[in-house]
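**Q** Protein sequence lines correspond, in order, to chains L and G. Letter by letter, the first sequence follows residues 1 to 355 in the working numbering. Letter by letter, the second sequence follows residues 1001 to 1268 in the working numbering.
Keep in mind the hints are simulated off the structure, nothing from the lab. Among the hints, a few may not be true.
Claimed, not checked - Here are the computed lysine-lysine pairs in the DSSO-like style, where the Cα-Cα straight-line distance is at most 30 Å:
(1) G:K1181 x L:K187
(2) L:K187 x G:K1037
(3) L:K163 x L:K301
(4) G:K1037 x L:K248
From a predicted model like this one, the values you see are computed outputs, not experimental measurements.
Residues per chain, in single letters:
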Amino acid sequence: MSMLMFWGDDMNELIANGVLVQESDVAQADRAVAPSMLWHSGLLAGLAWIAFGILTWGVPNHVVGFTDWLYTKELGVAGVLVGAGLLLFSTSWAQRAGGTRLQELRPYGAWLVAVPVILGLWEYFTAKTGLLPVPFFAPPQSLIDVYIDDWQRLGGSVVNTLKLLAIGVAYGAVVGFLVGVSVGWSKSIGYWVHPVLRVLGPLPATALLPLTFYFFPSSYSAAIFLVALATGFPVAVLTWSGIASVSKNYYDVARTMGASEWFLIFRVAIPAALPQVFVGLFMGLSASFSVLVTAEMMGVKSGLGWYLTWAQGWASYTNMYAALIVMALLFSGLISLLFLVRDYVLSWQKGTVKW
Amino acid sequence: MVAIAEQREQVENHQQNIGSQIDICQVSHVFDTPKGKLPVLNQVNLTVQAGEFVALLGPSGCGKSTLLRLVAGLEPATQGTLLQDDELIVRPDPSRIVVFQDPTLFPWRTVWDNVALGLQARGLLRRDRHRVDDALNRVGLGEFAQSYPHQLSGGMAQRVAFARALVNDPSLLILDEPLGKLDSLTRLAMQTELVDLWRKNGFSALLVTHDVEEALFLAQRVVVFSERPARIKAEIRVDLPYPRHRGDPRIAALRREALAHLGLDDSW
Chain L
1 MSMLMFWGDD MNELIANGVL VQESDVAQAD RAVAPSMLWH SGLLAGLAWI
51 AFGILTWGVP NHVVGFTDWL YTKELGVAGV LVGAGLLLFS TSWAQRAGGT
101 RLQELRPYGA WLVAVPVILG LWEYFTAKTG LLPVPFFAPP QSLIDVYIDD
151 WQRLGGSVVN TLKLLAIGVA YGAVVGFLVG VSVGWSKSIG YWVHPVLRVL
201 GPLPATALLP LTFYFFPSSY SAAIFLVALA TGFPVAVLTW SGIASVSKNY
251 YDVARTMGAS EWFLIFRVAI PAALPQVFVG LFMGLSASFS VLVTAEMMGV
301 KSGLGWYLTW AQGWASYTNM YAALIVMALL FSGLISLLFL VRDYVLSWQK
351 GTVKW
Chain G
1001 MVAIAEQREQ VENHQQNIGS QIDICQVSHV FDTPKGKLPV LNQVNLTVQA
1051 GEFVALLGPS GCGKSTLLRL VAGLEPATQG TLLQDDELIV RPDPSRIVVF
1101 QDPTLFPWRT VWDNVALGLQ ARGLLRRDRH RVDDALNRVG LGEFAQSYPH
1151 QLSGGMAQRV AFARALVNDP SLLILDEPLG KLDSLTRLAM QTELVDLWRK
1201 NGFSALLVTH DVEEALFLAQ RVVVFSERPA RIKAEIRVDL PYPRHRGDPR
1251 IAALRREALA HLGLDDSW
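Can you make the complete structure from the sequences, with help from the hints?
**A** Here it is, written out as structure tokens:
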């Protein structure tokens, strides 16, 4: 199955090119009449989804405790429907009629097969056999239960997390950027700030957690400070190195044309350093996630980190999985957003790394 | 002076712009390196007349480019004085624009914005936007105004660098091997363009090059420098009218002379 999954498209190509086909004449004649647009890995994916649906719906759950898993039937039906849809999309007719939009799915063919396989295994080892024990493991349908049942609390946590993150990252990015620019530009500022940055920078922001909870008026403001600190350090260091590594020739060109100091900083140094600044923002944002969740788990009484500890308190591991998935999507989405902004701002660059 | 006046007449001076006179008086320069002091210029005396095109020839690393940086005002000379129209050169000024070997376009700016750099830096852009378009058209790149530098070929990028210089109406154009990195065909084409730009705009030009033929094709006077620390070894007056022909026997003769000064008697 997995072999097919990865080889499917290549095989199609080889076959289409007549390499693997013995009667190549026949193949060519075929193609001349109507080039087949059948999407092979799409068909395979459709079958895999249907198989997953049938497994979920048809095979009875292994009941351990007091109640059966809710939404088992619904998940099964959904699997079958997705599979049927994929089968339909994969036909020559749909591929031709759907045009480029449907064909954009083609590169994801292997993933569309892998996902139901993984879901099927997960379903099998949890709900169907109980080989992975409750309550530490939960089947896929239990997540649906959590999202439907507890969406208010979970949604509220997302909002609180985003709010705290936005405030902290904004402060950190702005201060880090300003520090980086001034250290990179001014020798005398660099003289004082550079050693401080060097010694205190590598200190993990989480290590300051107990201290900040003591010093700050509320655990919320302490968390903002820590998130800002975690974001600010990489932004400052990379902005600084970006400014410091700007080619002297750029300054020479601008100076001979009558540029003021202001112009050299804002029109030469900063734009030239921007690619580095974005690397700093990426690193800062990633670091801030870890600090944020820790702070929410330790002191702040809201947010996804708090939700995790709360779920642990009730031994509700299903809720924890649900929150982790939300967290993964949220943070990955934020990074993607940052890369989108970067691609827009740095559109003058060629060959930027795609996220 | 008479000869120069005659040559000035050959210059079709459409522009209001009159070139600067540059006086380099007894200039010596020393670099402070970790290994000690490194003298690069030794008692250089040179005058560029208003509107004159002077080329500097010399062995690699002899200090010619340093002299250009001093004239541009990017660095102060260790000893001696540099004057532009009888005024001391103490800092960079938009009347003396440098074109470097690398185009050094700002990659984050479009071609148009790159050319607009000087006007923007002096706060003139709002009033003089048309000058940017004029300068781009003068180098034949009007259509590429919205391209980014990485989309240009080497020759086009260097043309943009010329446009970026010309938009400032410099009275002295300082050319630090501006065609040094171009392929030979582009280079020949750009030499002709450079002569045209100079004749139409009337600025003085000070060119550093390693290419003897280029110096003789472009300049009215070729100054030959010695090994580091550079001092002036010889001056060759190129008394040929423009437009010049590369195959001119007079250029061949002058080329032989220049190469002899550079210590290459046999290899021409």
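**Q** Take the hints in turn and mark each one as holding or not.
**A** Hint-by-hint comparison with the structure:
no. : hint             : result
1   : G:K1181 x L:K187 : violated (35 Å)
2   : L:K187 x G:K1037 : holds (25 Å)
3   : L:K163 x L:K301  : holds (13 Å)
4   : G:K1037 x L:K248 : holds (22 Å)
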